[in-house]
Amino acid sequence: MRFAGDSGDGMQLVGSQFTATSAVFGNDIATFPDYPAEIRAPLGTPAGVSGFQVNFASRHVFTPGDRADVLVAMNPAALKVNVGDLVDGGILVVNADEFDETNLQRAQYGANPLETGELSRFRLYKVPITTQTLEAVKQAGLGPRDAGRCKNFYALGLVYWLFDRPLEPTERWINSKFGKVPAVAQANTLALRAGYAYGETAEIFTVRYRVKPADLPAGTYRNLTGNQATALGLVAAAQLAGRPLFYGSYPITPASEILHELSTHHSFDVRVFQAEDEIAAMCSVVGAAFAGAIAVTGTSGPGMALKQEAIGLAVMTELPCVIVNVQRGGPSTGLPTKTEQADLWQAMLGRNGECPVPVVAARSPADCFWTALEATRVAVKYMTPVIMLSDGYLAQGSEPWRAPEDGELPALEVRFATDPATFEPYARLENGERPWAIPGTPGLHHRIGGLEKEHVSGNVCYVPENHQRMVELRAQKVANVARDVPDQEVFGAQRGELLVVSWGGTFGCVRTAIEQARDNGKDVSHVHLRWLNPMPRNLGEILSRFRKVLVCELNMGQLQLLLRGRYLVDAAGLHKVQGRPFMVSEVLDKVDELLGGKAL
Amino acid sequence: MRFAGDSGDGMQLVGSQFTATSAVFGNDIATFPDYPAEIRAPLGTPAGVSGFQVNFASRHVFTPGDRADVLVAMNPAALKVNVGDLVDGGILVVNADEFDETNLQRAQYGANPLETGELSRFRLYKVPITTQTLEAVKQAGLGPRDAGRCKNFYALGLVYWLFDRPLEPTERWINSKFGKVPAVAQANTLALRAGYAYGETAEIFTVRYRVKPADLPAGTYRNLTGNQATALGLVAAAQLAGRPLFYGSYPITPASEILHELSTHHSFDVRVFQAEDEIAAMCSVVGAAFAGAIAVTGTSGPGMALKQEAIGLAVMTELPCVIVNVQRGGPSTGLPTKTEQADLWQAMLGRNGECPVPVVAARSPADCFWTALEATRVAVKYMTPVIMLSDGYLAQGSEPWRAPEDGELPALEVRFATDPATFEPYARLENGERPWAIPGTPGLHHRIGGLEKEHVSGNVCYVPENHQRMVELRAQKVANVARDVPDQEVFGAQRGELLVVSWGGTFGCVRTAIEQARDNGKDVSHVHLRWLNPMPRNLGEILSRFRKVLVCELNMGQLQLLLRGRYLVDAAGLHKVQGRPFMVSEVLDKVDELLGGKAL
Amino acid sequence: MSVARVETAGITPKEYKTDQQVKWCPGCGDHSILIQLQKVLATRGADRDHTVFVSGIGCSSRFPYYMNTYGIHGIHGRAPAIATGVKCANPELDVWVVTGDGDGLSIGGNHFIHTARRNVGLKIILFNNRIYGLTKGQYSPTSELGTRTKSSPGGSIDYPVHPISLAIGAEVTFAARAVDTDVPHLQYVLRRMMEHRGTAFLEVYQNCQVYNANAYGWATDRQTRNEHIVYLEHGKPLIFGTNRDKGIRLRGDAFEVVELAKASQDELVVHDEKAANPSMAFRLAQMHYPEFPEPLGIFRAIEKPAYEELLTGQIAAARKKEGPPKLERLFHAGEMWKVG
Amino acid sequence: MSVARVETAGITPKEYKTDQQVKWCPGCGDHSILIQLQKVLATRGADRDHTVFVSGIGCSSRFPYYMNTYGIHGIHGRAPAIATGVKCANPELDVWVVTGDGDGLSIGGNHFIHTARRNVGLKIILFNNRIYGLTKGQYSPTSELGTRTKSSPGGSIDYPVHPISLAIGAEVTFAARAVDTDVPHLQYVLRRMMEHRGTAFLEVYQNCQVYNANAYGWATDRQTRNEHIVYLEHGKPLIFGTNRDKGIRLRGDAFEVVELAKASQDELVVHDEKAANPSMAFRLAQMHYPEFPEPLGIFRAIEKPAYEELLTGQIAAARKKEGPPKLERLFHAGEMWKVG
Ligand SMILES: Cc1ncc(C[n+]2csc(CCOP(=O)(O)OP(=O)(O)O)c2C)c(N)n1
Ligand SMILES: Cc1ncc(C[n+]2csc(CCOP(=O)(O)OP(=O)(O)O)c2C)c(N)n1
Ligand code: SF4
Ligand code: SF4
Ligand SMILES: [Mg+2]
Ligand SMILES: [Mg+2]
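These protein sequence lines map, in sequence, to chains A, B, C and D. Count along the first sequence from 1, add 438, and you get the number used in the numbering used here. Count along the second sequence from 1, add 438, and you get the number used in the numbering used here. Count along the third sequence from 1, add 8, and you get the number used in the numbering used here. Count along the fourth sequence from 1, add 8, and you get the number used in the numbering used here.
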């Protein structure tokens, strides 16, 4: 189900309403908003098209769906940009009123596609949404401009009818949102109902969808975007640790919502510092970690580049902190609002000197919660910065998230040094970490910094052998994190012809593809990596059990190189850098190609 | 030959005098200064020891020599720090005057090593350098402090006698340097002569070295450090291109001397901009390149980290420029005055997004000249930033450099776009590059920037397929640089048991080791890489011709991972991160280990 | 290759427009600034071939795409540094920097102050909407204390910085302020910027219609604005008010608003944009609405050799002294010896 | 874990020394500053457990290694940002920043101005030797025009920035200047910094014996210095001279040196460090030797809530309103539904 219109048309709004309603209704859902980089691109042009895709089903949904079964296009540009993704035979609802000369030109349509027959492979419904809406909301007494604005609710009403959804949740929401302007609230409600009524009465639709509630584990659910989930995970982690959460960050798409979300949680002792830039943000994190906070920063690619020098400082000072990198299309400013996975090398290898940092990647919007929690736990346990990779697709997309129940959250123990008699700033503790001794602790004064440190004493030290040793100790410590990385599980057969490896936000899509492929009898299994550094201890062994390995990632082969270099497997790659997720079919095609038709 | 003393003792000065004299004398030389990170560390302590090693020989010298045959130690601390590197049976000259209680304590010597017998395996000469010097310079009438300062020249004179070197060049130098203060000039000359005379008359030395002039190619020579050579290479490149040289940089050890050297060449239209930080330096380079200069920046590890975001902009805007990274010990501030090769990953893979940049590394101080020239030529030809890797060892070390003669320098043609009728900012020319159209050219107005660009037109473009295409075009362009990378040559047998691979500043040491190993009948060959990205086209094929591959590098395996990942060879590694170069013996030992005693 | 510069006669503002659609929101102040600058450049017959626009990242920083000159849309905060490179490489070019309050003063604050102190010959326009527009509405370093935004739902706790105070603190040689919708005045200030040697800094109060609408209502409302602003005119006393019935005078160490009816004109502060000492300009920059009318116009415009002039001067002097750039001379500068 | 703070009585300066050998050159001004600060902290009985020194990179930035408190020797230019994190995480700590003219004003200029405007409760000491010491002598942003250094053999072409002007331009609430060898005055200013709430900024004229020796000879030479400097004292007129026979008065819009014999004391400028308007402080910051005696002392010291106070205030308010931090409340904040 995809809504598409001009970015001023309120598509994100109705998209999220539809999501909420479906979620409450019990469907499993996954969403993927897609909006233009410009705040407000020119009206009616393809550049200005804003879309919102929702996937919902009674069985478990991993991805917002490659292609849409239903598309609502509010103008010619929205049609143009999105029609390629509508499945053959899919339902296409267009706002017929907007297909006039001007709009067609803006969308660079030579002729009116509603008339050329080029849409004949879809079930096309031309609905005069604008005029119907204006008609419907008349009694609310709004001016024509405000009245016209209600057309997104009209469209939503129509879709609710199509999928047999209740109107109440949205009506409630309208009232709470626009309660102060009763005319607007009334108009939106009228439009919503009119749309619903149109579906009911116009009888032009030949199908009506009825999607049953999905089979999710029991619990209390809430719909979260990846960025919200990350924020909640961080707050939870700090609460479990019993420390303040310090979040130093500089706004950047698509990471800003973490900052926004955290800014609303002051009561959880969340200390948000909107820094002057990413360097200051990361440096403030080093300072806050030294002073004993759970210290976190969040950013995206270009900001990550700026943080690297200070991440190096965190590595040298061995202070616990988390760096969230919500990846977007690069290089440089690139495609700021689009998704990509091309910061893996940057995260793993992009600093001066030998500078290893644990790296973990979330696999779905709701999983961001657990990943943030885990990243924090490891940071504190091993006294190290940890990089958490998310991406634009996860960050903006949403998914039902089951609220953890009592006892379900991991322990997150913070052990500060307290004993002046035994304290040595760079002594090694059981996991290879050094002690965390925070200012304010009597008698533990010590100095740390970016120059090489002497083993145990932590004094500045230029002795050659000490440097070698410290480089090795830091590497060993990061390698030790493998103790906290569970053995990798293989989905499908444990050995065989083809193993598909993926990481991060491609999980849903790749898993769906492999499920389908296996349902079709293909000899293919799936490994989805959560920890990229260190990798699971049994990974090399798993890789060796398959004749072929395929790495699917939204870059040009970054994990692929690392797996090849580390395990000497001749891994092939499926690469895509188009600012959008894989389509299940792309993965399937590649799998077919590599299997050469072989079955189980 | 190694001079070592307190950092205030003027060791660097006499070391470079000795180098100059030997060079003029016709020896091939290689030097390696080693000085403390503190400007002036406490007197007489090991932290304050400053050393200068010169290697000179009649056959070609690749490295400053692992260990010294002759050591001059001006105080106990200097002895302590350096004596471990003196070969058994080597000559040890100590300034006996300084071996008093205080100095022994400062150097943390329990007992006086001149008396304990612990130096018995060396040919130890205790010379009262301080008193002798004071005595010798009396007639110049200096105060005791200034008089004492001459003792480095006394030591130098002694060594000149030992190696049968003429005093004139140094005397000339003293006069030109201290001419304005005749008393000082006189005193230094007196000290120099007294030291020489001491050697002649005291007759305590059992050997006197006589090193014959080396067999260097005919030409006019000059002694250059790597940083000076880099600077000259850049000036030459800009002159060949007929464009101004813009050097935007921020001081940082060990890269600052490039800035210093270039600051003296205004008359070659060198425009030096000492920026407020590395980010500004790199950004100014992007601007200068846009405006048509040969634009270069230089830095070291932490500064390189800061430049990465802006290097990404240069990649996206496809502007030619050179980034010189003089590597030092890391991570973070690390060991700022020591050498390391741990920025390879950072250079190759350390940016956000898919952001490939050609990378080339110099192999010796004099080679920095040619590498800088080549980096610039490639940058302009392919319209791309190029990273040139040097390191602290090359940068500070020196070597005779033959001044290129007429016609010996490569062409460096700059072709600016000029024709408004055909100009398209992102059209592709013959090497995959886009045209360089500089402001001031009539009718070629155009806008570039960090957002993804439309193929050919260069307009901002979010179309998914265009992004994919542009990522591929940029990658292809960098891959095309391989056309300018000569086929890799193998030193030694073309196939066999073991291939040693190295890159950058380890050339001399590794080549010396492999020469020795082959002389001893070992089945080992050597490949030294100049271009790291792209790699030579025949490299994979070469690697496949050896049963074993060993990568020697001053890091924990950075090239090793890349070779393994790219060519799937099970390359082993010899790793060292101690802030200093390999010793020939370390390489030899590893070779022996891998060969398990096998001979040719 | 350096092509002689031709002043183009009879150029029209339209020729400064590109074929790219202008993508700012309706009602955004950026539109007006773009149009006025295109007009001013056209009237002055500025040569498009020798004009370069450099920007950072932000709504405002889209500016170069809409100017049919040479241009670089840079990275966030770094426009002055990029522009410095352009200017050093070719001082003949007219180099403009367009930046926002986030771009120029938050992440880019350092380049801003260093460019100003070096007096690099750049014309810097800061679109101050007191908000991060492009990233959808977080508070910026110029947002007032307590501003409620997405990142400060409880009100911001950062005290703001004042761009002109900061620029003067960094020894800028030209500092001015204008308002996006005050067309003739904006044009006047832009023209004056064109004439300045060294760094010319202009702060424009710009309306962000979407995230900070009407932040400057007090300075733009035609009915009341003249009560809230005072125009700085060189050599003239500071007089303001809808009926020009109020003035500013110095009382001891402080400014004071006086009604002209009750005071003599002689007591009023007379504006001197050329004062070598920047202290009075700084004092003017510290006049804030609502306590005072806020000054618009040119706070400071003094003569001082620009960075690029000193740079090229040094090169010319060296060339004169050392002779033409022969590589031979470069290579053989040290102690040389011959082999073979 | 947060341990209650104990004021330690009878602490000696020695207890502030670490076991690390001090590695500055003989004759370096850094030694004196270190010793004075150790004395001042001891006299005040400052609690070492609650004191943190943060620095960047440079000779001066080695400072924390020599202070037996908590400390971070950070990365180049970023000390104020690191220190901001320390202070936000634990506002109970006394957080000092030690930086150099290169560290604090070149690469670190942006953090410096933003820290100042936010009024973060940090005590920032800038060791201004007008040179890059650690990297062996390049000119810095405070080097005078024409300074010959390794990177400017022909004389530098960058106009300098003046730290106090810049700080005041960035709305700092406390700005002062002292000289490394002027011990009692340095101690006085350090003590005053300790009392300040919000950002306290001190510029110290510091001698770099190796690369810029005697740059401040005019301000340190015992014979003549009183002719070249003027001490700022709150509520007192600006009088200077070896015989205290000269004063500063305001003539129109400019300062002027007068001989007291020829003028009345009433005409002299009376220093007011608490003036809400920073303009007079700015004017003082623009007094430069040799035209004027340069002011030493406290230019400005005003009261304004510090950043960390506003931060913790907001947290306390939220907690009061929303109740204790139960994860249940966090998790169940949105529209929830039940499954199963
Ligand atoms: C390194 C980096 N950090 C952050 C961003 C995200 N970003 C883009 S524009 C912007 C702020 C824009 O505000 P302003 O400069 O005031 O411009 P406006 O949109 O208000 O005109 C930010 C934070 C980025 N593009 N790059
Ligand atoms: C990112 C980075 N760039 C450059 C340097 C090199 N560097 C170290 S200290 C310094 C300048 C020091 O000058 P200043 O701050 O004035 O301190 P001083 O030594 O004079 O006390 C520079 C350029 C560095 N360490 N890190
Ligand atoms: S978001 Fe604000 S600043 Fe940006 S274009 Fe829209 S109105 Fe202008
Ligand atoms: S170089 Fe200068 S600043 Fe650094 S320690 Fe020596 S005298 Fe002090
Ligand atoms: Mg803004
Ligand atoms: Mg300094």
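It should be emphasised that the hints constitute simulated quantities derived from the structure, not laboratory data. Bear in mind the structure is a predicted one, so any value in this text is a computation, not a measurement. Glycine is no exception: its CB is placed at the ideal position from the N, C-alpha and C atoms. A couple of the hints might just be wrong.
Estimated spans, in silico, between C-beta atoms of each pair [unchecked claim]:
id, chain 1, residue 1, chain 2, residue 2, range
1, C, R252, D, E311, 30 to 40 Å
2, B, Q914, A, T639, 26 to 36 Å
3, A, G522, B, E846, 29 to 39 Å
4, A, E851, D, K329, 22 to 32 Å
5, D, K282, C, P245, 54 to 64 Å
6, B, G680, A, G446, 49 to 59 Å
7, A, K564, C, P161, 50 to 60 Å
8, C, G342, B, G881, 45 to 55 Å
9, B, L451, A, V894, 35 to 45 Å
10, B, G680, C, G342, 21 to 31 Å
11, B, Q914, A, G978, 50 to 60 Å
12, A, V901, D, K329, 53 to 63 Å
13, D, K328, A, K564, 36 to 46 Å
*When you take the CB atoms of B:Q914 and A:G978, is the distance between them in 50 to 60 Å?*
With a Cβ separation near 32 Å, B:Q914 and A:G978 fall outside 50 to 60 Å, so the hint is violated.
_Against the range 21 to 31 Å, how does the distance between the Cβ atoms of B:G680 and C:G342 compare: consistent or not?_
holds (25 Å)
_Hint check for B:G881 and C:G342 - Cβ pair distance inside 45 to 55 Å_ = Cβ of C:G342 to Cβ of B:G881: about 46 Å, so the range 45 to 55 Å holds.
*Hint says 50 to 60 Å; check whether the CB-CB distance for A:K564 and C:P161 agrees.*
Violated, at about 43 Å.
*For B:L451 and A:V894, compare the CB-CB distance with the range 35 to 45 Å and indicate the outcome.*
holds (38 Å)
*Go ahead and decide if the range 30 to 40 Å is satisfied by the Cβ distance of C:R252 to D:E311.*
Given about 38 Å between the Cβ atoms, the range holds.
*Taking the CB of B:G680 and the CB of A:G446, does the distance hold inside 49 to 59 Å?*
Roughly 53 Å apart at Cβ, these two residues keep to the hinted range, so it holds.
*Using the beta carbons of B:Q914 and A:T639, state whether their distance is inside 26 to 36 Å or not.*
58 Å Cβ-Cβ, so the 26 to 36 Å window is violated.
*Is the hinted range of 22 to 32 Å satisfied by the C-beta distance from A:E851 to D:K329?*
holds (31 Å)
*Cβ distance range 54 to 64 Å for D:K282 and C:P245, holds or violated*: 30 Å Cβ-Cβ, so the 54 to 64 Å window is violated.
*Kindly confirm whether 36 to 46 Å is satisfied by the beta carbon distance between D:K328 and A:K564.*
violated (57 Å)
*Status of the given 53 to 63 Å range, CB of D:K329 versus CB of A:V901*: holds (56 Å)
Of the hints listed earlier, those the structure fails to meet are numbers 2, 3, 5, 7, 11, 13, in rising order.
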